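**Q** Work the whole structure out from these sequences, hints included.
Chains as they are written, first to last, in the numbering used here: chain H, 1 to 485; chain Z, 1 to 90; chain P, 1 to 231; chain R, 1 to 100.
If you are wondering where the hints come from, they were derived from the structure by calculation, not from laboratory data. The model shown is predicted, which means the values in this text are computed figures rather than measured ones. Any given hint could turn out to be false.
As the list claims (entries may be wrong) - Just the calculated beta-carbon pair ranges, DEER-fashion: (1) P:Q98 with H:Q360: 57 to 63 Å; (2) H:W268 with P:L5: 19 to 25 Å; (3) R:N54 with P:E39: 20 to 26 Å; (4) H:V282 with Z:Q26: 41 to 47 Å; (5) P:V12 with H:R369: 35 to 41 Å.
All C-beta atoms in this analysis are idealised placements derived from N, C-alpha and C, irrespective of residue type, glycine included.
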Amino acid sequence: MLALLIPGLLFTPLALAVLCLLVNFRIGRLFSWVGIIVQVLVALGLWATVADQGGLYYDLGGWAAPLGIELRVDGLAVTFVLLTAVVASAAALHAGAYLDPRKGYQSYFWPLLWFLWAGLNGVWLAGDLFNLYVGLELISLAAVGLVALGGEAPALRAALRYLYAALLGSLGYLLAVALVYGSYGTLSLSGIAELAADHPPAPLILVLAALGLALKTALFPLHFWLPAAHGIAKSPVSALLSALVVKASFYIMARLWLEMGEQAGSIWLAQGLGALGAAGVVVGSWQAFRQSRLKMVVAYSSVAQIGYLFLLFPLSWGVATTTAELAQQGITLHLISHALAKAAMFLAAGNLILAVGNPQVSALAGVSRFLPFSLFSFGLAAVSLMGLPPSGGFVAKWLLLQASLAAGQWWWIGVLLLGSLLSALYVFRIFRASFLETGSDDPFYHPPRSLEVIPMALAVMAIGLGFVANLPLTVMALPVGGGVP
Amino acid sequence: MMTELLLDLLLVVSLLLTALCALLAQDLFRAVVMFMAFGLLMALAWVRLQAPDIALAEAALGAGLTGVLLLDAVSHFRQSDSGAGSGESS
Amino acid sequence: MKLLLVLIAAVVLTVVLGQTAWQILAQPTPVDLRELVAEAMPDSGVAHPITAVLLNFRSYDTLLEIGVLVVAGMAGLSMRAVAPLEAPAMRTSDTLLQALLRWFVPFLLVLSAYLLWAGSDRSGGAFQAGAVLGATGVLLRLGGVPLDFLRPGLMLRLGLVLGFAVFLLVAVMGAIRGDMFLAYPQEWAGLLIVVIEAALTLSIAMVLVGLFAVAPAQATERDWPSREGKR
Amino acid sequence: MTPVQLYVLAGVLLCGLGFAGFLLTSHLLRKLMAFNIMGSGTFLLLVGLAQPNNTPDPVPQALVLTGIVVALAATALALVLMRRWYHLSGRTDLQGGPGD
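**A** Below is the structure:
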């Protein structure tokens, strides 16, 4: 059974990308609905299989690790594959109803989406350094194609700035791969982990990889390209980018850090990344507060939430393994809850802008009276973003709090609290605008119900994550337990 | 043995010079032509590194097609931007 | 000020990179893939190690890489599908180039076929052959030959995707047969690799010529007189 | 000073040069050329570091082939966007232009 799940996971998105390229938007939508069902089922099947049998290595093409490419299918990878299945299918379903099929270029949305999905699955599962590079490039180019779809000037400028930042980041990572291959002779991540003990890697490897991938993850101060790209793109695309694409490069950095961090890392690199993350939280939130356009507020909030992710490095370097595990669990849960909440927020923001017809925050006056459903889904997502109990965001921040205390690095607690306060700042500003009363009649266009249900479902999941947090956490901790052919 | 090393040194120096010129040339067209020369010298470097496949690919894809696409873009931009490329040393 | 900062950063990067590279060159590497490749060559279906690595041992990389190429081709097309901005002018059609073409095009086609076939036992392969074929298409386009299949329509998209689709089909057949994804059956490996390479060559050439011919946003009609009338 | 050391040194210098050129130029086409130069430097390092005594190793050479095609795809995509951006805004850099 397993021998069919992984090929199914890798084959379906690529096959659908090919099919959707040959047809127009409407037929492509039909194919994509079928593809979404298959992908979600395969992701669930894979998650269940790993949940009870433990992780495994899957040798692509039948060639074993150092020569061939192996996929590392462990708890963490499978949890993110399932997360991608949920968020990407939500964004795709929303896009099906949200995008205007009459425009010619829209027929390229589905192929780019499926290539993006294939790249994401490739990165979550990859156990080979160069394979991660090619997967990352496929994601970046598909994402740039999605941002630039339509060819208007602001979208083009955002896409160009994003492309150039992504290319420079990829080159930084490729330089690190070249140094790793030069010093170890192998590219397989597991092989390097074994060899790293008695052949300590050069510290430059981790610094280059950190800089390159931080640029692709939009860590402060390298975040200049993100707000325009995520703010101007169409909301299903922004949801995909903010929830998943930005996390792929962080995931690679986290994997490298877990494999080589002990030997190649240093206190300066760990604390430095943590400090940049903390600065990102503060600056991102402050910028989000000062934005006048709704989607730019949500885009800058992404910059802030990404800052939290980089607390993983200081909290997992030179500390007891239990603390490191606590930090990893906190960061993974934060990544999952942020993906769900941010996707819900962007989709809900898209619906609100569609209804109001004006991207400005100030134009939201009266929305709370006439569009309560959309605003409520936006609010629910914001609850998880702010980390209020009982949401998944809260549990994640709680774990990070405990990890910082256990690691004796108390200053991260200040960052966690300040971040929550600041995110409350920019969320309540949006709500204040929407509660202003306008006249008694209803000036808004009411988007179809199917558009409004999707963000609500995602927001409920983000909140629900808080209740079932230990389920993904236990599965995520499953290492690779022997190869199951 | 010595002459081989001198030839390699010559190739590396010209490689770096063409790269520098490609970045610093004031006229865009000359910069792209220098870039194509850089691509061809890279193909020679790959031959010296015992990688004939890459030499072929670099010559055909790197210098050839990338150069053609760049030249097509230059003819489209078609204005000699004097001050735009601030370059490294100016 | 920024110039100084960037220069310092570049010099620091170069020095540290050079020092690390020197250390790495000095140490022997614990794993040597050359022997592993040599051992696995007999059952890889081809004689040339690089083609074996590209299309058999690490074929997943090549599959994703062709995906990247198709995405680039597609983005070019999607920009082009926005209102056609330029007259479908042929750029140059002077006689000297067309005379040269009569000699070059057959030679380049033979060279491309040779490179494709040579890939299995000496240096060559789908990418080099595709690049030469693409260059031929660009030359034809420059020489004023209207390559009609390059109009953005089903034919062009089919051509873009053909190589990728063939590769994907062969890959999934491995999985359906119960073997791993992207695994070729032992005795058919050589033939399958050649079939994949042929389809890839065509698709790479189509993407490259497509990107050149379909490049959007030429200068407007006013300063780029259409040659349509002269034909 | 073996030939491989020389080409590794060339790779390192090209990386530094490409990096400086990428950050300093504002013209999109020059930035793209700087990116390609830095890419070539990285590929030289990828092959050079793997072949200290110049015995050819097929794996990094295959990786560089893949890298060259990926770099070409990225360059082509950047050119397509750049030309469209030039046509709409008349600018060849990302400073001003509509919708700033």
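**Q** Failing hints, ascending?
**A** 5
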